[in-house]
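To get the working numbering, take the position in the sequence shown, counting from 1, and add 318.
Incorrect hints may have been included.
Said to hold, decoys possible - Label-pair distances were calculated between CB atoms; the ranges are:
id	residue 1	residue 2	range
1	Gln354	Glu497	36 to 42 Å
2	Glu495	Tyr406	34 to 40 Å
3	Asp402	Gln425	21 to 27 Å
4	Arg397	Gln425	29 to 35 Å
5	Lys412	Asp441	30 to 36 Å
6	Gln354	Gln425	26 to 32 Å
Said to hold, decoys possible - List of simulated lysine to aspartate or glutamate pairs, DMTMM-like, C-alpha gap at most 25 Å:
id	residue 1	residue 2
7	Lys394	Glu353
8	Lys496	Glu418
9	Lys444	Asp390
10	Lys394	Glu497
11	Lys455	Glu440
12	Lys412	Asp390
13	Lys459	Asp402
14	Lys387	Glu497
Because the hints were derived from the structure by calculation, they are not lab data. Each residue gets a CB set at the ideal place from its N, CA and C atoms; glycine is no exception.
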Amino acid sequence: MKKIIAFISIISIASVLASCGNKETSTEPKPKTCEQIEPCKTALQYATYVEQGAEDKVYKMEDQTAEDKSYDSLEKAKRYISEDYQQYKNQKIKKYGVLEYTLTKNQSYLYKFKYRAFRKNEDGVKELTTLIVNVDKKSGKYYPIEVFDYPDLKKTQGDRELGSPQIYYSSIVIGKEKEKYKPKNIEGE
C-alpha cells in the first residue's frame with residue numbers, strides 16, 4: 319500500500335511540475351493602461367464626452383470655480399448638445415494612443431489622445447483625430463478641460479518646457495497599430 323501511495327504521489331508531483339512549464343512567466347511588469355491611472359482615466363472619459371457631443375457631461379466634469387470652462391452654465395451647455403448625440407451616446411473611445419505630460423507633480427497633467435473619430439468626414443471616412451486635455455487636481459479631485467490651440471497650451475504650461483511624455487495605448491492596440499495611434503509630441507505643435 320505504501321508503494322502505491324508513493325507512486326501516486328510521485329506521479330502527482332511530476333504532473334504538477336510538468337504543467338508549470340506550459341505557461342509563460344515573466345518578471346516584467348505589465349504596462350499600465352490609461353484606465354489604470356486616475357487623471358488619464360478622467361481625461362479619457364472627458365474626451366469620450368467631447369467626441370459624443372455630450373456638452374452637458376463635458377460641463378459637469380469641468381472645474382466650475384475656474385475661469386476656463388466650456389460654458390457659463392449647465393443650461394447653456396445643454397443647448398449645445400450635438401444634434402446626433404443619440405446616435406453616439408453609447409460609443410466609447412476604444413482604440414487610442416495617448417501621451418501623458420506631467421506639468422506639476424501629481425497635480426496637473428496634459429494628455430494628447432489620438433483615436434478614430436465617431437463621425438465620418440465629407441468623404442464618408444472616419445479619420446484619426448487628436449484631442450488635448452489638461453487635467454488639474456484640486457481638493458483630491460481631477461478636473462479636465464480641452465486645450466484647443468497652441469496659445470492655450472503655452473498658457474497651461476507657462477514658462478516650463480514639457481519633458482518627455484509617457485505613452486499609453488488601449489489594450490486592444492497592439493503591434494504595428496501602435497505606430498498608427500501614436501500622437502505626435504506636443505512640442506511639435
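Status of the hints after comparison with the structure:
At about 23 Å, the CB distance of glutamine 354 to glutamate 497 disagrees with the hint of 36 to 42 Å. Roughly 23 Å separates the CB atoms of glutamate 495 and tyrosine 406, a value that falls outside the hinted 34 to 40 Å. Taken as a hint, the range 21 to 27 Å is violated for the pair aspartate 402 and glutamine 425, whose Cβ atoms sit roughly 36 Å apart. Checked against the hint of 29 to 35 Å, the pair arginine 397 and glutamine 425 passes, with Cβ atoms roughly 33 Å apart.
Our hint of 30 to 36 Å for lysine 412 and aspartate 441 is violated, since their Cβ atoms are close to 23 Å apart. The hint said 26 to 32 Å for the Cβ distance between glutamine 354 and glutamine 425, and at roughly 19 Å that hint is violated. Between lysine 394 and glutamate 353 the CA atoms are separated by roughly 30 Å; this puts the pair beyond 25 Å, and the hint is violated. This hinted pair checks out: lysine 496 and glutamate 418 have alpha carbons roughly 15 Å apart, not beyond 25 Å.
Only pairs whose Cα atoms come within 25 Å are accepted, and lysine 444 paired with aspartate 390 is rejected, the gap being roughly 31 Å. This hinted pair does not check out: lysine 394 and glutamate 497 have alpha carbons roughly 39 Å apart, beyond 25 Å. Restraint check for lysine 455 and glutamate 440: not satisfied, since their Cα atoms lie roughly 39 Å apart, outside the 25 Å limit. Simply put, lysine 412 and aspartate 390 have alpha-carbon atoms about 31 Å apart, too far for the 25 Å limit, and the pair is violated.
Between the alpha carbons of lysine 459 and aspartate 402 the distance comes to roughly 31 Å, so the proposed pair goes past 25 Å and is violated. Pair hint lysine 387 plus glutamate 497 does not hold up; C-alpha atoms about 33 Å apart against a cutoff of 25 Å.
Violated hints for the displayed structure, listed by number in ascending order: 1, 2, 3, 5, 6, 7, 9, 10, 11, 12, 13 and 14.
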